[in-house]
Each structure stands twice: as structure tokens, then as C-alpha cells.
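**Student:** Chain by chain, the residues:
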Amino acid sequence: MSAPAYNRMELMICLASRYLEDDRTAVVGTGAPCAAAMLAQKTAAPNLMVMFEAGGVGPILPTMPISVGDSRTFFRGLAASSMADIMSSCQRGMVDYTFLGGAQIDMYGNINSTMIGGDIQRPKVRLPGSGGAGDLASLCWRTMMITPQDRRRFVPRVDFITSPGYLDGAGAREAAGLPPGTGPYKVITDLCVIGFDEATKRMRVESAHPGVTREQVQENTGFELLWAPDVKESAPPTSEELRILRDEVDSLRYIIGRG
Amino acid sequence: MAEAVIERMAVRRVGRGRLFMDPNVDKAREYFRQRDRRLVPKVTTVPEAVARLVHDGDYVAVGGFGADRIPTAVLHEIVRQGRKDLGLSGHTATHDCQILIGAGCVNRCDVAYVIGLEARGLSRASRRQFESGKIAVAEWTNAALAWRYRAAAMGVPFLPMRSGLGTDTMKESAAVEITCPFTGIKLLAVPALFPDVAMIHVHRADVYGNCQIDGIMVADDDLARAAKRLIISTERLVPESAIRADPTRTAIPYFCVDAVVEVPYGSYPGNMPYEYFSDEDHLRQWLEVEEDAAAFEHFLDKYIRNTPDFAAYLELCGGIKRLQELRRTELMLHAAIGGGGAK
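Taken in order, these protein sequences are the chains called A and B.
Just so you know, the numbering used here puts 93 at position 93 of the first sequence, and the rest follows in order with no gaps.
Just so you know, the numbering used here puts 1325 at position 325 of the second sequence, and the rest follows in order with no gaps.
Just chain B, with the same shape it has in the complex:
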């Protein structure tokens, strides 16, 4: 039976999409062999981390889920430092897409989900970038990108999946159709994705980069392990003893991490589970201003390029008072306290 199946094994290229990143696991092993493993403090500033770890032309991947638990301060700094020609993993890229693609930092993208902000509407600025042909794309699905991170995290060159067979998405991907050597069914092989650099926002990290995440992981456990370089932005720094007191909760171990930056409210205007809700007013303001290209450039200047740091951005957006409202919204305290709260 097995022999017969092996004879029938076929490999068929279904995707004509570009493979932006090399899935060669032996090259990756050589990289990881050289990777610094020392348990040393990695706390730094956002500008230093971005200057050292994010380069023009890099392929970047952003943790969280679009406007949920995203490393906004790091994304702003990439724009502020004028990075260009970046590749982007579009694994539900929503507000992160709005920032990086809207500001023109990206020239190629593995698309699973871009330009939309889910139920909120569409980002005109990033849509213009795609429609003008400025961004080379390969199409994927969210599961395909999550499993591509997982393959890289596992150190294997691909994972097989049953999703997407027969779709145009996979024709515009770099997936390959294979036959299962055990059962003979058709599968799509999706290649390992090792991003040059990833940035992930977490609830707690120690100075070495051991991280805890509350709520859904999205794909960040695998992404942290797949990335060649990793910037952690954290709501708060905690002592190493807090990590060691409950090692079950370590989502990302220190040896995956290159820099730790402490950014309170660092997912704003996105949601941070158990901390603060998304600022829907501010996200609506982004969507509206993007309708006019010149007005959007002015908006980016005001809120990002000419703003010294993330704390100043938070001030521009209403500061502590606004954040307090969003905290109450997240914890659903308005009914108990009175008042309508942030919408």
C-alpha cells in the first residue's frame, strides 16, 4: 500500500506568487547557531532598538492581531526613522498596515488580510499603495501564514495543510501541491517563513526578554521563534522573580529576544486585553483623514514624524484622561460607575 502511494507521489507548483523569504532551514540553523544566547539585560529605548534591528529592505512581521495587542510605538518609530523598502507579513494587518503601508515604508507583502480594519472600514492610504502597483504581493490565508511561522519555529522547511486547494489565493501564493506519502490525499505545502525582524507587544517582560501574554496568543509564540531578530515592547517590566514564580506562563523565552522596550499603553489605539480597549474615535479619525492623500501626510507628520516619542503621541490623543476611559471600557466599569464611557 505504502509503495503504491509513494509511486503516485506528485509535486505540482500551484502558486505563481513570489517567495519573498528563503525557507532553507540549514541556512536558518547557521543563523541560529550564531545567535546570542547570553542571559543579559536587553532593556533599551524604542529609537535605539529600531535603529539597531530594523534596516531598509528588511522583511518584518508584527505580533498581535491588527489593532489588538500591537507594538504601536515600534511601528511609529519605523516611520519616524524613515525605513523604506520593507517586506511585510500581512497576517491580519489592520492598524499596523495602516501605519507601515499607509506611510509608504513597504514595497512587498505576503497578504492574508490587509487594508481593512475589520468592521470599521477600509484604509484608503494603504489601498492606494496596492492599487498603484507599488507593492509586490503574494496571496496567502491567515492559517497559511500562521503555519508558515510554525514551520520556521519548528525548523522544518514547510508544513502541509488542507486549506486553500482550488482557490485563486493559492494560485497567487508560492504554495506547492503535494500528495501525502501515507494516505495519498492532496495537500498544500506552505514554506517556512523566517522574518528578518518581528515586533511583539506583551503584558509583562523581564529585562532579559522572558515574556508573559494574557489572553489569546494569536500566532506570537511561533512568530517569536521564527523571527531572526525580535523586539519586545511590554506594558511593564517585571522582576525576573515574577517570571520564575510561574514559568508555565512564559510565552516567549529570553533567547528569542534582542531588545526589550517598556511602553505603557503601547498597544494604543489598539486593544490590550485586560488593560484598555481600542480607541475607536481615534481609529475612525485615521480612516477619515486617509481619504485625502495630502491631509493624511499632514496627519502622519503631526501624530508620528514630528512627535518626539510615543508618550507625546498619547498626550496628543487625550493623554491619561482618555486612557483612563479606555481602561474603564475594557473592564466594563461604566455601568457600575455611571457615564457612557469611550465608544
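This is chain A alone, in the form it adopts within the complex:
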């Protein structure tokens, strides 16, 4: 049997979904993270509890939400609560996973979604700002990213730390006062899967996607990546994952159509 064909977005969503364990909790946004959570629920993690920052808890998602506060985020939900309630659950230590995005990310997993430039009062490019991202990155146990990988995005130093990664290395989060044991977990790109080195808290490649070379990964990164001793090839989507993703999760191809 020949391997099924898939696009980059489908690959990233499938890889991300496999990191979500059953009986855990996740605060997700719209788009690819929501698709990954829905796919996980329909495969290995049927009891993954999904929450949205504006207050939705445990919906039976009928379609992809457009906003993290729209009515789909609590459709047949277990609770329709509030921003303060969701953020308090994160702060109390009840939320295992979150997914974030941004314009820039550095080797410690710090994310910028606020501005390009040096002066916040007169930014070269104004971006939306933290929203809930800075809170989620501070308070959830494991922060994940799904993002295309290129030198413009993977930079040596982000212009602005909106969402804290490991700041400037091992021990820095704890020194700053962020809750111990939290931080970036995996970065899933269109080229590879990246984790974080235990000793230095720097990005470390764990697997490269089928057909992607080590050189290609490094060329698309603005800083030196570490490599796990046993870098594998990322396991491509199975036909079952693709069927569920295409037929049940994103049948209108809002997200996977961007691949």
C-alpha cells in the first residue's frame, strides 16, 4: 500500500495531535491548534478536555470556531464560564496544554506577537499584542506551537517577549517568578518537530519530516539548533488520521486548505 498524500498543514496538525494525552486539559485557540485538539479527541485522546480563554469549557465542537469567544466554543459545552475563570484554572495548575502562535520565536521559545521595532509607542509594525497568550504561556504546564519555519520567524532575539519561553535559558523562568515546571514543550513546524534541551533550555530538533534534510532545517532557522542524538524521521499522517481530519474535523477545509 502506498503512503497517503498530505499537505504541510495536515502533517503539522497530525503531529501536534499525537502529543495531547487522554484525560488532560488544553486551552486552545482557533485554527490549527483547535483542529489538532479535535483530531486528538477523535483518535487517542477522547477525554481530552478543551477550553477556550473567553470561557468555553468542554464543547462538542460542531465546526471550527472563528473566534475563541464565539458560540461554537461552548456549543453543548459542560460550562460557559468567563475569562477570569479559565485564567484562574490555568493559574491554579489545572491546565496541561496550550498552543500559541506569533510573528517571531527565539531559541528559548520566547514568542513575540506584539510589535516589530524598538519603540512600543511608535512601532514599525504593530501586532495584536498578548491577548491571552502571555497568560497561557506563563501558567499552563506545557506550551506548544504550530508554525511555518523560516529565518524571518525563527530569530536569534525576538523584538519583544510577549509570551515567555525559557527567557534567557535554564532557571530563568523560575528566577523571574513564573510557576516552576511550566514552559515550552514542542514546536511543530512544516520542517521538523523541536523540543527543548534539558540542560540549556535551547531548541533541539527531535525529528525531521519525510524528505527534509538537516541542512534545510538549519538554513530556515536564524540561530543554531541543537539536535537530539537520535533524530528520527517524523511519522507521517496515517490514512485514518487524514480521513478524520478531512471528513470530521475540517470538512470545509478552512484550516487544512491553507496547507
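As a list, the in silico BS3-like pairs of lysine-lysine whose alpha-carbon atoms are at most 30 angstroms apart:
hint	chain 1	residue 1	chain 2	residue 2
1	B	LYS1027	B	LYS1228
2	B	LYS1084	A	LYS124
3	A	LYS124	B	LYS1134
4	B	LYS1171	B	LYS1186
5	B	LYS1302	B	LYS1084
6	B	LYS1228	B	LYS1134
7	B	LYS1171	A	LYS124
8	B	LYS1321	B	LYS1302
Honestly, the hints are just simulated from the structure, not real lab data.
Add chain B to chain A, keeping to what the hints say.
**Tutor:** Positioned in the frame of chain A, the structure of chain B alone reads:
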């Protein structure tokens, strides 16, 4: 142990951002002491409410979540009456940001989330306002702003939080790092935020301003209590008996409210849970027209400034027929009825 911790207590200013609103709770108490508590009818028109309660220079906060359960008619009226130099709480401000900042009504902003419309794209008009330096900003997070409302609602000058330590966001905020007097951990103190005026769209209200909200609260229970003045826009007015029949459901009590305006479809083009879905076509039209500054001004004239009221705006956008589609989309009836429905 406790003594040792107290000796170690430190206070460190981490944020160089401006504090736009005074967190002085005793001043707030004096204000709330004078606040009208009478159980009297407050139903009025949108123009009257905005003329009386929203002034040039006021700091405003908008309920809902950007394009979900927002008081669009009130926001349009602020633009129509030409309010200027407003402060804005940017607690996920999306379509509300597009209207108020896009139309040039705002000169300062507590930013948690602005200019974006989440997955839909970015508002060029409001982005131009920020990039030109016309808007003074302080940076926060959504939780920080939600907890700042909560502190104000509680009548305390700040709340401590664990989020944001070590970030540039908090360096551009007015937060202060403190040490916990009980456990010695680092915390950020975020100051109470008492907006001059807030506007919140709800599902049901009686003439006195007792309100019910279906679905997520976002931060509106706290915002209603934190605001010095509050305009409620409601999908429908209901008799007082409907409130008294189920007091568990009262999200906002009348004594927080200054004006009640009945605006059916009042969250359009935003989503109103269980009522109608967002009009994604119209929101896309906004985003596209904003790419050209002159075209956007013309658009604002057509849809807001030269439109007499919100009912006329709804007509311009397709009227009852369009709203019926959005209602069916919200209730997901298209599969049962047939037809594609509103996208």
C-alpha cells in the same frame, strides 16, 4: 517564618507604562456613594444614552469579546456623535477596535489585544493609528485586564497574579512586582481599573437594567461593577417579573446601570450566542476596505456617520433576510432546511 518573609518583602516597579486610570479605591467609594440607587426605569434611546454618558476624553470599556456579543449600536453612535480623545480598554478589542480606533475616536489604549480580528485578519485602519504614534499605549494581557476589572469590582486597589513575570509586556505595563507576604513568591500587582463608562450588550434586560446573559460571561460581570457609568444594550426588554422568576440568572443588577437601550440584533455583525452568528462577509468587507484610508473614510460615512440609526445600518447590510440567514447559521439549521447558509 512569617516575620522572615515580611522582612524580605520587596516592591519593584517593573512596568514603565502609563497608568491611565486612578486605582484609588477611596475616591471610587466616594463616587459610588453618590451613585443613584433608585429602582427607576432607565430605558432611553441610543443617541440620548451616548450624549449623556460618553464624553470626549472618557476612558471606555466594551463588553463581550471583540466580535462576540458586542454593543455595536452604541459604538456606532459614539462615532456618529464624533467623540474624541477616548481611552480604550483593549481587552480583546477586535470589531470594537475597528470601529472606535479605526474611526479615530481613541488617543490612549490599555492593550491586551487590538487591531486583529483573530483568524480573520488585521484591521489596517486601526494599525495605522498605532503605528503613527497617535495612540499612547500601555501593554497588558487579557487576564491582567480581566483581573483589573475584578479588583475594581471588589473595591481593592490591585490583585496579584503569577502571569507575565519576565515578559516585555509587563515592562510596558504599569504593573508592580511584589513579594507574597505569606509565601515569599514573586507576584505582579495589577491595579484596579475603573472605566469612566462601559457598554455591554445582553440578551435580556428589564427597564431598570437587571440583565441576563446567555453563554459565556467573558469579563462582563466584573466590568459592569467596575465601571463608573454603564450603558446596557439589550436584544429585548423583558418584564421585571421575568427577572424575578429566575434571579439566579441575573448577571448584572440594576444598580450598576445608567441607561438601557433595546437594540434587536444589536451585536451585528458580531455573533450573539443562541441568536445569530457573525456576518463573516460583512466583516471581510470591513477588513478589505480598510486597506485604503480614503475608501475606509467613505465606508464609515456610508455605514455609520450618514446612517440615521442602527436599524438603517441593518437594512444597508441586507436587512431581515440576511439576519434570518445568520440566525439559521447560529442554530445550525441549514442541514435540516437545505441550502448553504451564511458563511
